[in-house]
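Q: Chain G is already provided as a structure; the job is to place chain C on it using the hints.
Going line by line, the protein sequences match chains G and C. So for the first sequence, the working numbering puts the first residue at 297; every next one is plus one. So for the second sequence, the working numbering puts the first residue at 297; every next one is plus one.
There is no bait here: all hints are sound.
Because identical chains share one entry, a pair is satisfied inside a single copy or across any pair of copies.
Below are the DSS-like pairs computed for lysine-lysine, each with C-alpha atoms no more than 27 angstroms apart in a straight line: (1) K377 <-> K352; (2) K534 <-> K589; (3) K528 <-> K476; (4) K578 <-> K594; (5) K578 <-> K528; (6) K594 <-> K531; (7) K305 <-> K481; (8) K589 <-> K578.
Read the hints as simulated data drawn from the structure, not as lab findings. Just so you know, these numbers come straight off a predicted model, no measurement behind them.
Number of protein chains: 2
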Amino acid sequence: MIAEITAKKLNTSQFITEQVAAIRAAVGDGTAINALSGGVDSSTVTMLGHRALGAKLRSVFINNGIMRQGEPERVAAIFKKLSVAVEVIDAQAEFLAALKGITDPEQKREAITQTFYRQVFGRIVRESGAKFLLQGTILTDVDETVAGIKRQHNVFEQLGIDPQVAFGYRILEPLIQLRKDGVRKAGQALGLPAEVYNRPPFPGPALSARVIGEATAERIETVRQATVIVEKLLKNVKAFQCMAILHADRVTGMRNNQRDFGQQIEIRCWDSVDARQAQPTKLAFPLLQKLAKEITTKVPGVVSVTYNVTSKPPSTMEAV
Amino acid sequence: MIAEITAKKLNTSQFITEQVAAIRAAVGDGTAINALSGGVDSSTVTMLGHRALGAKLRSVFINNGIMRQGEPERVAAIFKKLSVAVEVIDAQAEFLAALKGITDPEQKREAITQTFYRQVFGRIVRESGAKFLLQGTILTDVDETVAGIKRQHNVFEQLGIDPQVAFGYRILEPLIQLRKDGVRKAGQALGLPAEVYNRPPFPGPALSARVIGEATAERIETVRQATVIVEKLLKNVKAFQCMAILHADRVTGMRNNQRDFGQQIEIRCWDSVDARQAQPTKLAFPLLQKLAKEITTKVPGVVSVTYNVTSKPPSTMEAV
Chain G
297 MIAEITAKKL
307 NTSQFITEQV
317 AAIRAAVGDG
327 TAINALSGGV
337 DSSTVTMLGH
347 RALGAKLRSV
357 FINNGIMRQG
367 EPERVAAIFK
377 KLSVAVEVID
387 AQAEFLAALK
397 GITDPEQKRE
407 AITQTFYRQV
417 FGRIVRESGA
427 KFLLQGTILT
437 DVDETVAGIK
447 RQHNVFEQLG
457 IDPQVAFGYR
467 ILEPLIQLRK
477 DGVRKAGQAL
487 GLPAEVYNRP
497 PFPGPALSAR
507 VIGEATAERI
517 ETVRQATVIV
527 EKLLKNVKAF
537 QCMAILHADR
547 VTGMRNNQRD
557 FGQQIEIRCW
567 DSVDARQAQP
577 TKLAFPLLQK
587 LAKEITTKVP
597 GVVSVTYNVT
607 SKPPSTMEAV
Chain C
297 MIAEITAKKL
307 NTSQFITEQV
317 AAIRAAVGDG
327 TAINALSGGV
337 DSSTVTMLGH
347 RALGAKLRSV
357 FINNGIMRQG
367 EPERVAAIFK
377 KLSVAVEVID
387 AQAEFLAALK
397 GITDPEQKRE
407 AITQTFYRQV
417 FGRIVRESGA
427 KFLLQGTILT
437 DVDETVAGIK
447 RQHNVFEQLG
457 IDPQVAFGYR
467 ILEPLIQLRK
477 DGVRKAGQAL
487 GLPAEVYNRP
497 PFPGPALSAR
507 VIGEATAERI
517 ETVRQATVIV
527 EKLLKNVKAF
537 QCMAILHADR
547 VTGMRNNQRD
557 FGQQIEIRCW
567 DSVDARQAQP
577 TKLAFPLLQK
587 LAKEITTKVP
597 GVVSVTYNVT
607 SKPPSTMEAV
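If we strip away everything but chain G, and leave its shape as in the complex, we get (with noise of 0.2 angstroms):
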């Protein structure tokens, strides 16, 4: 059982001195390593064991190829002006194979953890030497999941670690006792930028959770665009997340006068406290036919431009 921190409770200093110690005492003179993916409970992670660790901590960026436009750079940037060093590691082409002629959302998602864990986070873990994971892990996370060994027995086998020789091996979870609001918290305390601590949710699979049918080079490129459309439009309006999706059906268009059988876009936006039952977001019209005028101007391709008006549920915020 985890001794739950609420956020209200959460004394950041005491927290952060208590963890930054703990992860000290746990490494030794060994090494660590992490994956760090812009979210904020990895950038929590990173920033807790760079101050533990500095230079005994390794963290890697895994650029997957399904990410917004210009996040990689943008997370490297954040954390050099934080002077924590990230190393950025290209792996979109082993993602894109992984995904190629998928087009089943559960083994689009399960591919891309595969190839997350097993083939590229889990090679450098095992050739870098580091026997300390630190993972990003909360308490709402352990609640879906089984608790416990269990859970960690199951990390070392998604990463190609043999849980009978994985003696060496420890995961460390210093966020295993908060929920997100604390995560948020405790990533303002240790210097994170707003932009980072106070993040909307983006879905594990990124971009490839937005396109219906196969997440192709070209077509998550297409999603990303009108992705970029959706979130410099919707900048303004307060809602609890705001997304673009690819369809895979085609629909009829027309362009200079002729027939062309292009692709839809559908824009949801949601208003939610607990993300448990959510509404759309009552946008204006004028601001609607703004968003399809431009998503069809500037992403090529595009014809159509949706907005999702059901509630969840029966609707879920995502559509794969």
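A: Same frame as chain G, but now just chain C:
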């Protein structure tokens, strides 16, 4: 060159008298046949033909299984009230068989056209012994195809009647000098109810054009039910055309806390003067949410509803 009669210049009583006389003169002691779809053109032709020929005209309404809810009954009831005998032919199985496995919109359209002309209506014409075919061709149709002989030649071919032996056959097109607004005026003068002569346009391939992907009986039924809701809730909206479209893409939804990989309905509602350009109708947000709620509640399998916010161009009014 066909001499156009504009709606403004159309003298309906003179027009009806002349066309009735022309039909009578042409058919003489013979018999005529026509296919009534319930649209304004074929309904007006049916009224003209009935006035000219009475029982010597056989009007058939072919139920192709891809019509709106209650459509065959509605059309039959309207003409019964006008004392015009209409024969309803149940050809649902033939059309659905022809659509089986077809996902390409052009092939779908072609399958429906072929099944209508060559298979179902062609068979009825050939077996009827009628040599005169009444057609609701209007001037706009002529503009869109090759004019004159070639066009009529094509109709015989479509009907499976060898043009070489088609000497006896003749096509009568009493509306050929009119455009849509003129036909509405003539239809009204012939006693058609407003729901017929003011009927919003509906695509030739009917509900199969409102289904992206394969038009199975089940999927046609899904979009038919969504269409009922869209037409009911948008009845008082002043729009050029409103429609429900069933997507082939599956999206994630939730039912009773269970993941439900369901279907999506897209609503389109257009403001337009002449269909060449169109803007999405500015529907009130609560109305959009009501549409989503009613469709996801009442139409089995649908978990998501979107509203199209693109203009034409680059969109078209129909999706396929």
